[in-house]
Amino acid sequence: MDVFHLLWLVPTFPLAGFLILALFGMKMPSRAIAWTGTLSIGLAALLTLWMGLHFLTQPPDGHHYRQVLWTWFDVNGFAPTIALYLDPLSLVYIFVITFVGFLIHLYSTAFMRGDEGYARFFAFMNLFVFSMLVLVLADNLLLLYLGWEGVGLCSFLLIGFWYRDPANGYAARKAFIVTRIGDTAFIIGLFLLVKQFHTLNIQDILMQAPGVWAVGATGAFWAALLLLGGAVGKSAQLPLQTWLPDAMAGPTPVSALIHAATMVTAGVYLIARTHVLYSLSPAVQSLVAIIGVLTLLIAGFSALAQHDLKRILAYSTISQIGYMFLALGVGAWTAAVFHFMIHAFFKALLFLGAGAVIMAMEEEHDIFKMGGLRKKMPMTYWTFLAASGALAAIPLITAGFYSKDLILFDALASTQGSVYLWLGGFVGAFITVLYTFRMVFVTFYGEQKKPIAHNPEHERAMMIPLVVLGVLSIVGGWVELPHAWAHFTPFSHLLETTLPATTLKPGMESNEWWLQLLTAVIVFIGIYLTWVAYVKKPAMVTAWRETAFGRACHQFFYKGWMFDQLYDVLFVKPVVWLSRIDEHDFIDYLYEGFGRLNAWIHAGFSRTQSGYLRWYLLCIAFGLLFIFSLILFV
Amino acid sequence: MMTVPLSVQLLLAVILFLIGLLGVLIRRNVIFMLMSVEIMLNAAALVFIIGGSRWHQVDGQAMVIFILAMAAAEVAVGLALILQVFHLHKTVDVDRLRELKDE
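Chains as they are written, first to last, in our numbering: chain D, 28 to 661; chain H, 39 to 141.
Derived by calculation from the structure, the hints in this document are not laboratory data.
Backbone N, C-alpha and C fix where the C-beta goes; we use that ideal spot for every residue, glycine too.
It is possible that part of the hints are untrue.
Here's a subset of chain D near chain H, in silico, CB distances under 8 Å, partners left out [as the list claims (entries may be wrong)]: (1) Gly638; (2) Tyr639; (3) Leu640; (4) Arg641; (5) Leu644; (6) Ala648; (7) Leu657.
Build out the structure end to end from the sequences listed, making use of the hints.
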């Protein structure tokens with residue numbers, strides 16, 4: 028039997044898990060909840076691994092497999108199908124979603140233990156995995172949009188998971204509304220595509236687009252721009268990045284799964300999936316690269332000033348997705364997907380490690396109140412260090428080096444690349460090292476400032492995911508070695524059956540080694556500088572922060588370049604003001620009039636209900652008299 | 039045999055009915071109200087008799103028997119209820135029995 032026929036089962040397992048937990052979760056014992064929630068993703072992950080192996084050894088015809096389940100609806104020839112489409116790009120994504128998702132679910136079984144919303148948590152998480160799988164497996168853009176909105180909903184539900192605190196509800200609404208701005212652009216883009224192609228089937232559109240639009244055509248420009256709007260919202264890129272740091276209000280596994288590993292990279296997936304549109308509109312593609320560079324720099328600087336462990340990681344996520352956008356913008360499609368995969372490994376691990384630290388510190392998020400955890404939590408420390416190394420791209424030994432260096436090289440060497448883009452990414456890489464190791468040194472080194480209440484190192488369900496992801500953060504990069512070393516590139520070889528290869532400027536290949544050397548040097552300089560600043564002479568940083576300039580800088584970066592304040596003045600305040608002055612318009616009078624009339628009639632009727640029996644009888648008597656008079660005299 | 043005109047017969051029934059109705063409306067004592075209801079029932083029964091004699095049929099008289107039986111049952115239930123009300127509230131004044139009104 029052909030194993031690919033089982034593709035429909037991959038999203039079905041999480042859906043079944045969600046249904047069971049949503050319907051019966053309230054009555055299930057917590058062990059059963061944990062088993063159902065984790066097993067549903069585990070089975071999907073196993074199936075994905077099995078299918079992935081088949082895909083590598085005996086790829087299906089044309090390197091893709093399409094499974095039509097049924098026709099969604101059929102209106103006037105426009106008939107989107109519920110169909111799944113498996114190709115190397117979606118294979119990489121479903122592998123990360125199910126595999127990393129499984130590890131995070133496993134971790135959550137211990138992390139969320141004792142929470143009153145245990146069943147609700149796993150139900151939402153399963154629903155999220157289902158929606159995300161629909162998103163990446165969708166064969167047409169409408170089904171993709173369904174998954175897109177599904178993950179947005181789950182993100183909203185899980186950010187506001189602890190809904191009793193109004194701040195969490197506010198963060199959830201903020202995330203939902205800000206991404207909604209992008210989603211609106213996205214759906215307008217879909218209307219445009221339907222109008223042009225009369226179909227939303229992705230492969231059909233990609234096939235026909237070069238025939239319909241010339242390079243630089245207006246139609247292609249708007250379609251690509253509007254889809255980019257959706258991608259920017261979902262992936263928290265400039266100018267819609269403000270929701271992600273606040274989204275850290277959710278439980279830490281949620282941040283790991285949704286706001287680091289999978290959902291926020293949906294924008295990257297969308298652009299990679301519709302890459303033909305971007306190739307047809309070079310202006311928008313350059314915009315993608317510029318957005319990426321600006322975002323990674325802005326978010327990097329913001330991460331440098333944060334105190335909250337999870338907010339550092341949130342800004343770092345925005346910054347790393349900026350790298351992926353940079354790669355997409357210079358036509359290095361495979362590099363973007365490669366960095367997505369590696370990022371999912373190490374960023375999920377960083378969040379899970381942060382969760383363990385926060386658990387040990389009794390919900391303390393401020394890294395400056397932690398310190399010295401290296402000895403007490405060795406396993407968390409070493410895995411966290413491995414992931415931090417990957418984030419900072421320590422050469423040779425960590426996976427992040429291979430993926431980030433590829434992006435930096437392509438930013439310079441690709442035909443669409445330029446020295447400015449490379450410089451932005453290069454400075455960003457240096458900043459990354461600084462904030463990463465600032466986080467590591469402050470949290471794990473120095474003297475211990477707070478005793479450990481409950482050490483999560485004893486929780487096996489929490490430590491196994493850390494170790495597995497830690498190993499992947501080291502070895503994950505070896506599937507794609509730099510061209511300058513060896514021609515061992517199975518990852519891009521696989522993806523290039525779907526995505527076009529990066530076209531390099533002639534004669535650039537030879538430059539790769541010194542670029543690598545340069546990045547390697549700044550990584551070690553960065554680590555040394557942070558070591559000096561936060562371990563050896565912490566007084567130096569404190570002194571700098573006391574100066575007026577230092578404080579202003581710190582405040583500016585701490586608030587994420589004041590984007591929240593800017594949007595507050597530009598959008599939120601005017602809308603509130605407008606709705607306030609428009610509070611009593613004539614429509615209100617109309618409806619208030621209805622209400623008043625009702626209240627008046629009601630008051631009249633209620634006065635008849637006096638409670639005197641004889642009064643009721645009199646009313647009945649007069650009523651009868653009235654009816655008889657009608658019969659007799661009319 | 040001198041017959042009373044139909045209109046006079048009906049007038050008597052109407053007067054009886056109005057007396058009963060007035061009694062129900064004016065009296066505050068539940069027992070008197072019950073008695074007034076009986077008068078109204080009798081007015082209705084009288085109309086049946088008049089009808090029966092007018093069309094020379096026995097249906098009217100049969101109906102009166104029904105009404106009598108019903109009235110007896112009604113009195114039994116009504117008096118029992120009044121007794122209970124008196125036990126609970128120590129009064130048979132309807133105007134003071136206003137517990138159903140939502141204050």
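So, going through the hints one by one against the coordinates:
no., hint, verdict
1, Gly638, "3 Å, holds"
2, Tyr639, "6 Å, holds"
3, Leu640, "5 Å, holds"
4, Arg641, "6 Å, holds"
5, Leu644, "6 Å, holds"
6, Ala648, "6 Å, holds"
7, Leu657, "19 Å, violated"
Comparing the model with each earlier hint shows a violation of hint 7 alone; every other hint is respected.
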